[in-house]
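Using the sequences and the hints, build the whole thing.
Same order as they appear, the protein sequences are chains E and S. Here numbering that gives the first Met the number 0 is used: position 224 in the first sequence is 223, and no number is missing along the way. Here numbering that gives the first Met the number 0 is used: position 87 in the second sequence is 86, and no number is missing along the way.
No lab work stands behind these hints, which were simulated from the structure alone. Cβ atoms here follow ideal geometry from the backbone N, Cα and C, with glycine treated the same way. Take the hints with a grain of salt, since some may be wrong.
Said to hold, decoys possible - Here are a few chain S residues that sit away from chain E, every Cβ distance over 10 angstroms (derived from the structure):
id, residue
1, PHE31
2, ASP61
3, THR67
4, GLY80
5, GLY94
6, ASP170
7, LYS195
8, ALA210
9, LYS213
10, ASP244
11, SER315
12, ARG316
13, VAL322
As the list claims (entries may be wrong) - Coverage of chain E stretches by chain S, computed from C-beta distances (three or more under 8 angstroms per stretch; other residues unrestricted):
id, stretch
14, 18-30
15, 37-45
16, 48-57
17, 93-101
18, 104-113
19, 301-308
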Amino acid sequence: MYENIVTARHYEERLQEEYLEGKQPAFDISAGPIPGELHLAAGQEAAAAGVCQHLRDDDTVTATHRPHHVAIAKGVDLERMTAEIFGRQTGLGKGKGGHMHLFDPEVHFACSGIIAEGCPPAAGAGLAAKKRNEDSVAVAYLGEGAIDQGAFLESLNFAAVFDLPVVFVIEDNDWAISMPKERVTDVENGAKRADGFEMPGARVDADDAVEIYEVAGEAIGRARDRNGPTVLEVQVHRRMGHFMGDPQTYRPEEDQEAAAERDSIERLERDLRNHGVDDERIEEIREAAHERVEAAIEWAKEQPKPDPSDAHEDIFVNPPSGVTDSEPDFEFAGGDD
Amino acid sequence: MSENSAETRELTMSRAMVSAIAHEMRENDEVFYMGEDVADYGGIFDSTEGLREEFGYDRVMDVPISETAYLGAAVGAAQEGMRPIAELMFVDFFGVAMDQIYNQMAKNTYMSGGNVSVPMVLTAAVGGTYNDAAQHSQTLYGTFAHIPGLKIVVPSTAYEAKGLMHNAIRDDDPVLYMFHKRLMGIGWLPAPDGPKTPVPETDYTIPFGSADVKRTGDDVTIVTLGLHVHRALEAAEGLAADGIDAEVVDLRSLVPLDTDTVVESVEKTGNLVVVDEDYRSYGVTGEIVASVADEALAALDSVERVALPDVPIPYSRPMENEVVPDVDDIAAAVRRTQ
Ligand SMILES: Cc1ncc(C[n+]2csc(CCOP(=O)(O)OP(=O)(O)O)c2C)c(N)n1
Numbered sequence: 000m001y002e003n004i005v006t007a008r009h010y011e012e013r014l015q016e017e018y019l020e021g022k023q024p025a026f027d028i029s030a031g032p033i034p035g036e037l038h039l040a041a042g043q044e045a046a047a048a049g050v051c052q053h054l055r056d057d058d059t060v061t062a063t064h065r066p067h068h069v070a071i072a073k074g075v076d077l078e079r080m081t082a083e084i085f086g087r088q089t090g091l092g093k094g095k096g097g098h099m100h101l102f103d104p105e106v107h108f109a110c111s112g113i114i115a116e117g118c119p120p121a122a123g124a125g126l127a128a129k130k131r132n133e134d135s136v137a138v139a140y141l142g143e144g145a146i147d148q149g150a151f152l153e154s155l156n157f158a159a160v161f162d163l164p165v166v167f168v169i170e171d172n173d174w175a176i177s178m179p180k181e182r183v184t185d186v187e188n189g190a191k192r193a194d195g196f197e198m199p200g201a202r203v204d205a206d207d208a209v210e211i212y213e214v215a216g217e218a219i220g221r222a223r224d225r226n227g228p229t230v231l232e233v234q235v236h237r238r239m240g241h242f243m244g245d246p247q248t249y250r251p252e253e254d255q256e257a258a259a260e261r262d263s264i265e266r267l268e269r270d271l272r273n274h275g276v277d278d279e280r281i282e283e284i285r286e287a288a289h290e291r292v293e294a295a296i297e298w299a300k301e302q303p304k305p306d307p308s309d310a311h312e313d314i315f316v317n318p319p320s321g322v323t324d325s326e327p328d329f330e331f332a333g334g335d336d
Numbered sequence: 000m001s002e003n004s005a006e007t008r009e010l011t012m013s014r015a016m017v018s019a020i021a022h023e024m025r026e027n028d029e030v031f032y033m034g035e036d037v038a039d040y041g042g043i044f045d046s047t048e049g050l051r052e053e054f055g056y057d058r059v060m061d062v063p064i065s066e067t068a069y070l071g072a073a074v075g076a077a078q079e080g081m082r083p084i085a086e087l088m089f090v091d092f093f094g095v096a097m098d099q100i101y102n103q104m105a106k107n108t109y110m111s112g113g114n115v116s117v118p119m120v121l122t123a124a125v126g127g128t129y130n131d132a133a134q135h136s137q138t139l140y141g142t143f144a145h146i147p148g149l150k151i152v153v154p155s156t157a158y159e160a161k162g163l164m165h166n167a168i169r170d171d172d173p174v175l176y177m178f179h180k181r182l183m184g185i186g187w188l189p190a191p192d193g194p195k196t197p198v199p200e201t202d203y204t205i206p207f208g209s210a211d212v213k214r215t216g217d218d219v220t221i222v223t224l225g226l227h228v229h230r231a232l233e234a235a236e237g238l239a240a241d242g243i244d245a246e247v248v249d250l251r252s253l254v255p256l257d258t259d260t261v262v263e264s265v266e267k268t269g270n271l272v273v274v275d276e277d278y279r280s281y282g283v284t285g286e287i288v289a290s291v292a293d294e295a296l297a298a299l300d301s302v303e304r305v306a307l308p309d310v311p312i313p314y315s316r317p318m319e320n321e322v323v324p325d326v327d328d329i330a331a332a333v334r335r336t337q
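If you want it as structure tokens, here you go:
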């Protein structure tokens with residue numbers, strides 16, 4: 000868990016540096032080596048590591064627009080994920096998806112930029128496992144802002160009536176872009192959404208990886224044992240803006256400071272020390288994680304950029320005959336002849 | 000309107016939109032604004048900057064991420080006679096609330112035999128050019144223009160943004176107001192020079208269904224809208240150096256569609272190039288070509304369509320540049336007509 004958390008944190012710190020290249024002094028989202036939006040998850044790593052520690056490669060995870068920490072914890076190929084974020088040909092999606100749309104079928108990982116829309120496919124993965132009589136499970140990640148969304152509530156009902164092996168993990172970071180939780184929902188505890196569907200709901204109030212690990216273990220165990228779905232909400236913190244370039248003028252300074260203070264990494268390090276792990280070992284893990292991240296970024300940056308014409312491929316895996324080129328040479332000559 | 004007149008000032012497109020909204024809100028208590036991040040943030044694309052400060056949370060409402068509920072609530076409030084403006088930041092997200100948009104908002108007037116009206120405005124950002132991939136870059140003009148019952152307007156400059164917004168809020172029917180992110184003038188997404196224009200202080204409307212000839216020319220008609228008005232104008236400048244005189248028609252609204260202005264131009268030039276950032280098949284380019292063919296087939300010497308080939312928009316820059324039409328693509332299409 001510690002290794003996953005420090006890898007994710009360092010990974011995003013490095014992505015942030017790379018992202019800002021070419022975007023300074025004036026921030027232009029379309030400039031620099033990493034294009035498009037970038038949503039970082041600093042402060043939320045425990046939610047990924049604590050849950051995914053229980054998962055196998057054949058368990059499915061659907062993540063959100065803020066996916067890197069979850070992808071790392073689920074074991075997504077770090078090199079190819081990085082190449083994807085840099086828009087390279089050897090990236091997970093050949094440069095077509097980018098940071099919000101990472102797909103690694105080897106470890107059953109997917110994510111989407113549309114709020115709560117990972118929930119129905121997770122229920123679908125659970126349904127497939129049940130139909131095939133396999134003991135794999137599915138985990139759908141969503142933010143606390145997404146718990147008001149129809150796709151989430153419908154998926155809860157669907158998973159409940161068919162007793163599907165699904166765990167819905169709400170990462171409560173208090174903010175949905177500029178909207179604080181209390182202004183858009185009347186429930187303080189998002190796991191209570193489960194009550195309406197007669198399924199268990201649990202909330203972990205501290206961004207404590209160990210506690211998250213324990214509570215998630217019960218939920219995932221229940222799913223694996225065919226005892227149906229669970230909603231699990233975990234408190235995390237958004238240490239940065241919603242996306243890179245977000246000035247956060249809407250956010251009180253105290254809140255930003257409080258988020259920065261609650262560091263799940265330091266907490267976990269304390270726990271490790273209390274359990275007799277010495278500083279040297281902690282440093283060793285940290286360094287290895289840093290090296291791994293550095294290597295992935297170096298590798299990704301050396302990868303070839305896609306050929307512009309690659310844009311026309313992969314719309315179908317089985318292109319209908321006659322539809323091989325998305326840009327037919329079209330010329331219409333009307334008129335008097 | 001003279002550029003130096005005391006009553007005009009240069010505005011970005013987002014400021015122009017906001018000035019029209021603020022004006023209508025001051026004049027009419029029934030107008031209110033709902034959306035995600037529209038109050039404290041001022042809209043992700045600055046589309047509501049400053050409104051909450053003036054009108055408060057009651058009239059500039061941040062809403063839960065529950066698009067079916069709030070877009071549907073806008074329909075319901077409009078049917079009660081209020082004039083809601085609802086914003087869903089990216090048109091790509093419309094799918095989650097599609098029923099409220101294309102079955103309720105669009106069709107209730109018709110199904111009630113004209114007895115129910117839905118005087119609401121739905122605003123959304125459209126367009127790519129900043130590498131945000133397939134779920135955040137679509138234009139989708141064609142998808143919504145295809146549905147009967149929705150008026151679709153697309154500003155290309157600050158002047159258009161204000162006049163069309165005044166008209167949209169006052170219109171008794173549902174209007175989908177689709178603005179291109181690249182034109183808004185936001186810090187993090189630099190706009191080309193064109194969209195920042197002088198804008199009258201006072202209110203004025205631009206009627207829907209009135210296309211605007213942004214450049215006159217004799218050799219070829221370029222019909223387009225939104226961001227691509229500016230790309231077409233730039234292409235036209237380049238072509239002029241080679242002796243090709245292009246006329247650029249800015250549609251400004253897709254529903255209603257001003258076929259007359261397009262046909263008149265094609266009758267003069269004989270050549271038609273339609274440029275659109277939406278997918279090519281079953282879309283705007285096909286519609287314009289078909290309309291001109293219907294009305295003036297004999298005037299057409301050649302036709303070219305420049306649109307997004309039918310691919311989801313790729314993330315990586317070289318691929319996105321390949322599929323989103325640029326100035327060179329437009330110029331090349333024009334040359335093919337000559
Ligand atoms: C259907 C849909 N509506 C709106 C958006 C825009 N949007 C992207 S992230 C976001 C806030 C999400 O908040 P939350 O679920 O709490 O996740 P967090 O960003 O805090 O991790 C919104 C409104 C979207 N991507 N999809």
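Hint numbers the structure violates, sorted upward?
Those not satisfied are hints 2, 3, 5, 11, 12, 13, 15 and 16.
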